[in-house]
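Trainee: Kindly generate the complete structure, drawing on both the sequences and the hints.
These protein sequence lines map, in sequence, to chains A and B. The numbers in this note's numbering rise by one with no breaks, and the one at position 223 of the first sequence is 223. The numbers in this note's numbering rise by one with no breaks, and the one at position 23 of the second sequence is 23.
These aren't lab readings, by the way, just hints derived from the structure by calculation. Please note that a few of the clues may not be correct.
As the list claims (entries may be wrong) - Okay, the calculated beta carbon distance ranges per label pair:
hint, chain 1, residue 1, chain 2, residue 2, range
1, A, E342, B, R329, 40 to 48 Å
2, B, A253, A, G158, 57 to 65 Å
3, A, G253, B, R11, 44 to 52 Å
4, B, R11, A, G103, 54 to 62 Å
5, B, S274, A, M332, 29 to 37 Å
6, A, G153, B, F96, 31 to 39 Å
As the list claims (entries may be wrong) - Some chain A residues close to chain B (C-beta under 10 Å, calculated; not the full set):
hint, residue
7, G119
8, T143
9, Y145
10, D152
11, V185
12, H349
13, E353
The structure presented is a predicted model; accordingly, all values stated were derived computationally and were not measured. Built from N, CA and C at the ideal position, the CB exists for glycine as well.
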Amino acid sequence: MNEPDLVQLLSPTGHRADPDAHPDLEARVAHLDAAALRELYRDMVLVRRFDTESTSLQRQGELGLFPQALGQEAAQVGSGRAMARQDYVFPSYREHGVAHVRGVDMVDVLRQFRGIDHGGWDPAEHNFHLYTLVIGSHTLHATGYAMGVQRDGLVGTGDPERDTAVVAYFGDGATAQGDTNEAFVFAAVNNAPLVLFCQNNQWAISEPTTKQSRVPIVERGRGFGVPSVRVDGNDVLACYAVTAEALERARTGGGPTFIEAYTYRMGAHTTSDDPTRYRSAAEEEEWRRRDPIDRLRLHLEQLGALDGEFLAEVEAQGEALGERLRREVRAMAAPSSGSMFEHVYATPHAGVEAERAWFAEYEALFVEEGTR
Amino acid sequence: MTGTTTATTERLTLAKALNHGMRRALENDPKVLLMGEDIGQLGGVFRVTDGLQKDFGPDRVVDTPLAESGIVGTAVGLAMRGYRPVCEIQFDGFVFPAFDQITTQLAKVHYRSRGRISLPVVIRIPYGGGIGAVEHHSESPEVLFAHTAGLRVVSPATPSDAFTMIQEAIASPDPVIFLEPKGRYWDKGDVDTSLTTGGGLDGARVAREGTDVTVVAYGPTVATALRAAEAAAAEGTSIEVVDLRSISPMDTATVAASVRRTGRCVVVHEAPVSYGSGAELAARITEECFYHLEAPVLRVGGFHTPYPVARLEHDYLPSLDRVLDAVDRALAH
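Mentor: Following this line, the structure appears as structure tokens:
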């Protein structure tokens, strides 16, 4: 496969790219001073801590399942931090880093994996929709939502506080789904204010990207008439820059953009998966050398912007997050059995109500008999 | 609650009644959108949306790409943003590319979000046979949706119900699968066009009173049941016809009240009887009216075959004679 170039602003050794290589994109990150870069670093470290802690909780039997975002922190934090408050995100189910930057309480992210909720947070509070588990389905929801934003007159007003974009996150596997392809079609013909953000993490469970596409994934955008860019997904600056550019295009009426963030799923697909069955330790080692957090750390060190005090502060924050996750997840009790009948419909449905009533009587029987 | 304008009764086809109902909804709520293939400039292959794009514009009466999953999936997103999309699926057999979006997303987002997100989306599907069509154009997929919690599944049988039920479906905060009996699109009836609501989306109605046998039907088979009742009356048998109107929820109470009077029940639908809504009704009636039943609940409908070629569809569909045959068998007990 003839691999297209990756947009990169920060090399794996932490060096900034030639400023003339991507002047437009450089301008998108010019305002990110050392303090701002440190905040990106803090985000990524906390997200990784969340990952590690959640994986441990699964191993201890406190969670049924957990999908790690390990290795994808730069793609998620970089793109997430480029958004405005009014932008709206449709994640897949591995976007813990985006959840973090949108202000979702990370404890809530684990409700689903604890098996006590199918969602876990109020999407309207953070403009961050619930995780969608059917691969690619939410790309159409994002497109429709963006079509709604258009109809609300919130595109191209010139007011950066009002102009709104929508971002759909999905993976390399999802690019094979019909729904994702239909999302490209609908977004393109409607010129929807949408950013289609694909994290190509190289693996759809056990299938490499070559099982999903004969061409580099980024090239698929062109056929739909959607401007497309492939970015180094482990470069937080580049991810920030290309997303900022795509968001501005969307908000100003320029329509959808496709971003392929080329990254790597350093962990298993989920805690139920065993990657040793389908990929080599050498490959994993190769990507470990491109670790997104190491890259930013090296850069900050080169800037002389990583002092011990800051590192200690981040470390303490991570400890506190871990402690809170452990405590609050263990305290999450199962909902009452009768709650399964709630919210099936917005208005009462006779069939559900009859079963709810029957079940309540049935349960009461056991209580009366003292068998429960 | 009814409309406030002066009552005016017009004689309309079922298709035109739907058109007027959607026009009313578009006028009353700027968040209502129609979406589908060929529904704009053409007015739909059955002309049900005729003239609406001209009056409400291409952003509210949207000619979509030819992709059913895309239509429903984007409708879900529009509903999340506060819109009330009404999707037209061109024919029953073409709903299946959207089946995933309807059953895994549209039906479940309210539940998944613990009531935080409602999806007031209507999926209009012309369904049923009898029009001499090619494959995939005559099917009755209602139970596939009725089996899915989170969806309401309704079917009007008359122009009057078509006019109010489409407005009630659009006003519903729940997703509604709205099955239009395409073989009855050109049947005419009186419609009070001042109404914005009618009999609701949940309840059955007694379409004709009788004493000997209850015949339950919905959508296209209501007219067949009424003709059967007419023919039976000439031979001294009194058939009560119940128009179910809603498949989910199913108004068992109205049917049970009728069966307690008649002691006999026949259910008629075009869909295959195996695993069908008639089986559901039979089970419920047997549970609720066991000691009133003089005969087993009998089902009349399609066979467990794919919908046959057009030249055979009249043998497949529940005809007047097959309804009367079932009535006779119920009475023979």
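Trainee: For each hint, tell me whether it holds in the structure or not.
Mentor: We went through each hint and held it up to the structure:
Between A:E342 and B:R329 the C-beta distance comes to about 44 Å, which sits within the given range of 40 to 48 Å. A C-beta distance of roughly 58 Å is found between B:A253 and A:G158, which places it inside the suggested range of 57 to 65 Å. Distance hint check for A:G253 and B:R11: the Cβ-Cβ separation is about 47 Å, which falls inside the suggested range of 44 to 52 Å. Taken as a hint, the range 54 to 62 Å holds for the pair B:R11 and A:G103, whose Cβ atoms sit roughly 58 Å apart.
Take B:S274 and A:M332: their Cβ atoms lie about 44 Å apart, and the range 29 to 37 Å is violated. Checked against the hint of 31 to 39 Å, the C-beta distance between A:G153 and B:F96 comes to roughly 36 Å, which is consistent with it. Restraint check, A:G119 versus chain B: the minimum CB separation of about 5 Å is within 10 Å; hint holds. With a cut of 10 Å, the hint placing A:T143 at the interface with chain B holds, because the nearest CB-to-CB distance is about 5 Å.
Proximity of A:Y145 to chain B holds as hinted, the smallest CB-CB distance being about 4 Å (cut-off 10 Å). A cut of 10 Å between beta carbons decides the hint on A:D152: the least distance to chain B is about 7 Å, and the hint holds. The interface hint given for A:V185 holds, since its Cβ lies 5 Å from the closest Cβ of chain B, which is under the 10 Å cut-off. At a threshold of 10 Å, the smallest CB-CB gap from A:H349 to chain B is about 5 Å, leaving the interface hint in force.
The closest approach between the C-beta of A:E353 and any C-beta of chain B is roughly 9 Å, which is under the 10 Å cut-off, so the hint is satisfied.
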